[in-house]
Amino acid sequence: MSTDTPGIDPLQALRAPRDPACDVFLTGPVFLDIIFTGLDSAPVRGTESWARGMGSSPGGVANMATALARLGLHTSLAAAFGDDHYGEYCWDALEQGEGIDLSMSHTVPGWHSPVTVSMAYEGERTMVSHGHEAPAPTGTAAHAPAGAPAPAGAPTAAPAPAFPRCPPRARAAIASLAPGRSEPWVATAARNGAMVFADVGWDETGRWDLDALPDLAHCEAFLPNAEEAMRYTRTDCPRAAAHALAERVPLAVVTLGAEGAYAVDGRTGAAAAVPAIEVEALDPTGAGDVFVAGFVTGTLADWPLADRLAFAGLTAALSVQEFGGSLSAPGWAEVAAWWQLIRTCASQDPAALERYAFLDDLLPTTARAWPLRRAVPTIGFRQ
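In my numbering, the protein residues as written are 165 to 547.
One should not assume that every hint holds.
Simulated DEER-style distance windows between Cβ atoms [said to hold, decoys possible]:
| # | residue 1 | residue 2 | range |
| --- | --- | --- | --- |
| 1 | Trp372 | His294 | 22 to 32 Å |
| 2 | Gln176 | Pro414 | 23 to 33 Å |
| 3 | Ser205 | Arg333 | 43 to 53 Å |
| 4 | Ala437 | Asp183 | 25 to 35 Å |
| 5 | Thr369 | Glu288 | 24 to 34 Å |
Since the hints were derived computationally from the structure, they do not count as laboratory data. Ideal placement from N, C-alpha and C gives every residue a C-beta, glycine not left out.
Using the sequences and the accompanying hints, generate a full structural model.
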């Protein structure tokens, strides 16, 4: 569990003795993110730009893993970590700082951590990344970086877990789809009872063919952005795209950026639309991952579709007010603080406030500040 507001478990009412210990499983590359903020414009060739702010944090799949853990979900991550100080920092930040289960993760001797430099300006971002694909684990045991404890119960000479072909039994799993690629673990997770949630990246082939996403057949929910959804469905309206996608997956969720999100339940035909919350964005890095984490939380808790969308949008809005992808993710204390604050604003539309009234049954009666770990300019300080 993450170091967040004690006592808030969104799935508490649904837990049973024979349930899987893992709420959400995910896998993917972990990056070290270095974020520059306070840039007046994009860097110009041949000039030097100075940023007014800077932070470092685990990135890549760590964005979503952290967001899930901070919302109280038992999260298991299978990832390769570099055998360097960056890798040690990311491992420690995720396992010790956020309570994420890394028993299926491993370090790779002699392999350096991938790095992304993200520059945020005018509500946008530009990224430069460097890294090499991690080699598949050999017959050695999964292990933590030097100085970190080994996973509980893992013998030092045991074979490495099948990575990640044999995911742990979980309530949910999150996959990132790519054209022409199938990940065997996705089908395994679905067969073992996990609800699979998937997003997708830009199709560099330009074909935008849903049939080229074979793992979509195993998904409970598909969450593309508006441009991706319209291209995949050959429609010119995000809502039409969502309805078309709902013919392929039980839940289709199309994110609309500043306009919010629209979702269709393919089983019932029910649809929901929730506008975005207006905030002053410092850094959009990881906001899409936080949205997915919020939606997964609401789905596992069996909330109404509109409440899931509203909660996902709220967590994403709170995240962009901090810099750093993973460490900008809000916890329940921040959600509670926002809910208390927003109800004291005289200018708030009562109908808009009613949209979030479901939070009353989830949050503590009094909110308190909680010092969540944040992105800092150096990885040399201990937090």
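Inset, instruction - Please name the hints from earlier in the document that this structure breaks, with their numbers sorted from lowest to highest. - result: When the structure is compared with the hints, none of them turns out to be violated.
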